[in-house]
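Chain by chain, the residues:
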Amino acid sequence: MLKILKNVFGQTYKFLRNDKFAMTGAIIYLIFFIIAILAPYLAPFDPHEMQREGANFMFNKPPGDEFILGTTNMGRDIFSQLIYGTRPALMVGFSAAFFVMIAGTLVGLISGYYGGRTDSILMRITDVAFGIPFTPFVIVLVGFLGPSIWNIVVAMAILLWRDTARVIRSQVLTVRERSFVEAARVSGASDLRIMFVYIAPNILPLSFLYGSLAVGWAILTEAAVSFLGFGDPQVISWGYMLNDAYVSQALSRGAYHWFVPPGIFIMLAVMAGFYIGRGSEEILHPQLKDY
Amino acid sequence: MLNIRWKYVLKRTGQMILTMWIISTILFFIFRLMPGNPLVAYIDPTFTEEQQQILMQQFGLDKPLWMQYLIYIKNLFRGNLGESFFFKDSVLNVIMKVLPNTIYLMLSALIIAYSVGVIGGIFLAWKRGEKVETFGIIVTLFTRAAPQFWVGMILLAVFSFQLDIFPSGGVSTAGTVYATEMQKLLSLNFYKHLFLPALTLSIYLLGLPLLLMRSNMLDVMHESYVEMAKMRGLSKTRVMFKYAARNAFLPVITAMAVGIGYAMGGNVVIETVFSWPGLGRLLVKAVSTSDYPLAQGAFILIAGVMVFMNFVADILYSLLDPRVNIEGRK
Numbered sequence: 000m001l002k003i004l005k006n007v008f009g010q011t012y013k014f015l016r017n018d019k020f021a022m023t024g025a026i027i028y029l030i031f032f033i034i035a036i037l038a039p040y041l042a043p044f045d046p047h048e049m050q051r052e053g054a055n056f057m058f059n060k061p062p063g064d065e066f067i068l069g070t071t072n073m074g075r076d077i078f079s080q081l082i083y084g085t086r087p088a089l090m091v092g093f094s095a096a097f098f099v100m101i102a103g104t105l106v107g108l109i110s111g112y113y114g115g116r117t118d119s120i121l122m123r124i125t126d127v128a129f130g131i132p133f134t135p136f137v138i139v140l141v142g143f144l145g146p147s148i149w150n151i152v153v154a155m156a157i158l159l160w161r162d163t164a165r166v167i168r169s170q171v172l173t174v175r176e177r178s179f180v181e182a183a184r185v186s187g188a189s190d191l192r193i194m195f196v197y198i199a200p201n202i203l204p205l206s207f208l209y210g211s212l213a214v215g216w217a218i219l220t221e222a223a224v225s226f227l228g229f230g231d232p233q234v235i236s237w238g239y240m241l242n243d244a245y246v247s248q249a250l251s252r253g254a255y256h257w258f259v260p261p262g263i264f265i266m267l268a269v270m271a272g273f274y275i276g277r278g279s280e281e282i283l284h285p286q287l288k289d290y
Numbered sequence: 000m001l002n003i004r005w006k007y008v009l010k011r012t013g014q015m016i017l018t019m020w021i022i023s024t025i026l027f028f029i030f031r032l033m034p035g036n037p038l039v040a041y042i043d044p045t046f047t048e049e050q051q052q053i054l055m056q057q058f059g060l061d062k063p064l065w066m067q068y069l070i071y072i073k074n075l076f077r078g079n080l081g082e083s084f085f086f087k088d089s090v091l092n093v094i095m096k097v098l099p100n101t102i103y104l105m106l107s108a109l110i111i112a113y114s115v116g117v118i119g120g121i122f123l124a125w126k127r128g129e130k131v132e133t134f135g136i137i138v139t140l141f142t143r144a145a146p147q148f149w150v151g152m153i154l155l156a157v158f159s160f161q162l163d164i165f166p167s168g169g170v171s172t173a174g175t176v177y178a179t180e181m182q183k184l185l186s187l188n189f190y191k192h193l194f195l196p197a198l199t200l201s202i203y204l205l206g207l208p209l210l211l212m213r214s215n216m217l218d219v220m221h222e223s224y225v226e227m228a229k230m231r232g233l234s235k236t237r238v239m240f241k242y243a244a245r246n247a248f249l250p251v252i253t254a255m256a257v258g259i260g261y262a263m264g265g266n267v268v269i270e271t272v273f274s275w276p277g278l279g280r281l282l283v284k285a286v287s288t289s290d291y292p293l294a295q296g297a298f299i300l301i302a303g304v305m306v307f308m309n310f311v312a313d314i315l316y317s318l319l320d321p322r323v324n325i326e327g328r329k
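Here the protein sequences line up with chains A and B, keeping their order.
Under numbering that gives the first Met the number 0, the first residue of the first sequence is numbered 0, with each subsequent residue one higher.
Under numbering that gives the first Met the number 0, the first residue of the second sequence is numbered 0, with each subsequent residue one higher.
Check before you lean on any hint, since a few could be wrong.
[Said to hold, decoys possible] Think about it this way: if two alpha-carbon atoms lie no more than 25 Å apart in a straight line, the pair counts; the simulated DSS-like pairs of lysine-lysine are:
| hint | chain 1 | residue 1 | chain 2 | residue 2 |
| --- | --- | --- | --- | --- |
| 1 | B | Lys96 | B | Lys183 |
| 2 | B | Lys10 | B | Lys73 |
| 3 | A | Lys19 | B | Lys126 |
| 4 | B | Lys87 | B | Lys73 |
| 5 | B | Lys96 | B | Lys130 |
| 6 | A | Lys19 | B | Lys62 |
[What the hints assert, rightly or not] Estimated spans, in silico, between C-beta atoms of each pair:
| hint | chain 1 | residue 1 | chain 2 | residue 2 | range |
| --- | --- | --- | --- | --- | --- |
| 7 | A | Ser178 | B | Pro63 | 51 to 61 Å |
| 8 | B | Phe28 | A | Phe56 | 44 to 54 Å |
| 9 | A | Phe56 | B | Tyr177 | 21 to 31 Å |
| 10 | A | Val246 | B | Asn188 | 43 to 53 Å |
| 11 | B | Trp20 | A | Phe56 | 25 to 35 Å |
| 12 | B | Phe141 | A | Leu172 | 31 to 41 Å |
Since the hints were derived computationally from the structure, they do not count as laboratory data.
Ideal placement from N, C-alpha and C gives every residue a C-beta, glycine not left out.
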């Protein structure tokens, strides 16, 4: 087991070292992780707190020495919100990607390995998942289940595994025919052993790549859902900030310092996922696929 | 040969119907298993006693679950999607009223995105290995990573609020009434309203045709007939457009069918940002006002378009490229 893990991490590291794009993506995530962990030290204020000076609330302050990016119409510090927004973004992105990787890899592995009837049933289910419009589905489910970060993650995980499953399946189909798998079978290894000990290590790098793409999609979708007002009201995410800015007329007031930064942060986080996933030429050779 | 093709079309049609049936079934259970009484989900307390009775009967809400399911499927076939709580009108009517707006927005965005995307893709393939190519790819990746609603917000802030060139939302200036749909389509006012949302949606859709066209061009450029044309000493423009682009273009057409599916989903946020009265905004409104029948109807329609477009893409693919094995896409 340890050997397999070492092998997987070794391959991932080698892949990162050889691919400038992937390296950039990994560095962006690393920086976001550090920001998320150190948020209480980096943010000058409590993101929920309405700032005041004496008896006056600091509503709609432009960027300045005290408030780097100014304040919202409720007097909250925008910069602090931006820093704290890293936390839900990473939480949503990585937990959704984790479910997607597990589910997608399992479905692909079982489908590709057993073939036949199992394969066609699982692939039909995948087709159905592809027929469901992603963003509307998440909105409907979260809207009715209630706004919480975990509901958003669950709603996304229910659909996002579909790409991973398809790709993993086709990879398993080729790995299955290799001689070492044949050798294992002849020596009497069980199906489970062949699948998880012999085949799985060969497809794990690919499921990591798809996982990293899923991080990007998940962050983007969480932002959209929060923007539409179905986000977790307790959590200040970048999507929530944009929703707040939109409904508080920040656009007509030209408060660019309020609504531009959260979008840039979302974009960076999504790009980082794309960059890492680009290794498989996913982005440069887009197939007919939809989100 | 024709026989095999028809068999394939038939098989895909069967699959499409099966997929739609499964999606509707999933939806049925999602809506019935919602927290609270299914009666609450379908019957608004503000309805009169009589209205409530009619709806109870229509959906068989007092009957066991399996009978409710049969009634639900029967109603779907008849296009009976129930009554909207919010609009106090049949769901089908409400949807049909906003559907044209969604189609206008989608079509104009698709046309912009696919024409710019195809030309951009040819251009990037042409400049292969130059700095311009890297720059172009990075810009395209940015457009795919940027949240659409955020792009829309920036365009609104700049072009509507700051420069005051375009209106900030809706399909027409408040108070304008058009006698016919045609009159609306002929008025400049409508296009002024359409411009920003269509631009936002097309920026979102642009990435797929552009990157697809580029990679197809790169593949095709190594084919023997292109090499041959080059050797014959034809100009680069001629080789690129007359020989390479024509063939690289085929998969992009099929991608456009899928693009329509994309656009349906992408519409949800863009329509909300620009207060564009379309299907996506309707869905958001339905969910936020807990208008279950309306949400269900809007969702089924969006899913239907997506499934149908995937079907169209597959059929087109098999028709346009005879080399494709009918069993699968490649």
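For each hint, the structure was consulted:
no., hint, verdict
1, Lys96/B <-> Lys183/B, "holds (14 Å)"
2, Lys10/B <-> Lys73/B, "holds (24 Å)"
3, Lys19/A <-> Lys126/B, "holds (21 Å)"
4, Lys87/B <-> Lys73/B, "holds (22 Å)"
5, Lys96/B <-> Lys130/B, "violated (49 Å)"
6, Lys19/A <-> Lys62/B, "violated (62 Å)"
7, Ser178/A <-> Pro63/B: 51 to 61 Å, "holds (57 Å)"
8, Phe28/B <-> Phe56/A: 44 to 54 Å, "holds (48 Å)"
9, Phe56/A <-> Tyr177/B: 21 to 31 Å, "violated (46 Å)"
10, Val246/A <-> Asn188/B: 43 to 53 Å, "violated (26 Å)"
11, Trp20/B <-> Phe56/A: 25 to 35 Å, "violated (56 Å)"
12, Phe141/B <-> Leu172/A: 31 to 41 Å, "holds (35 Å)"
Of the hints listed earlier, those the structure fails to meet are numbers 5, 6, 9, 10, 11, in rising order.
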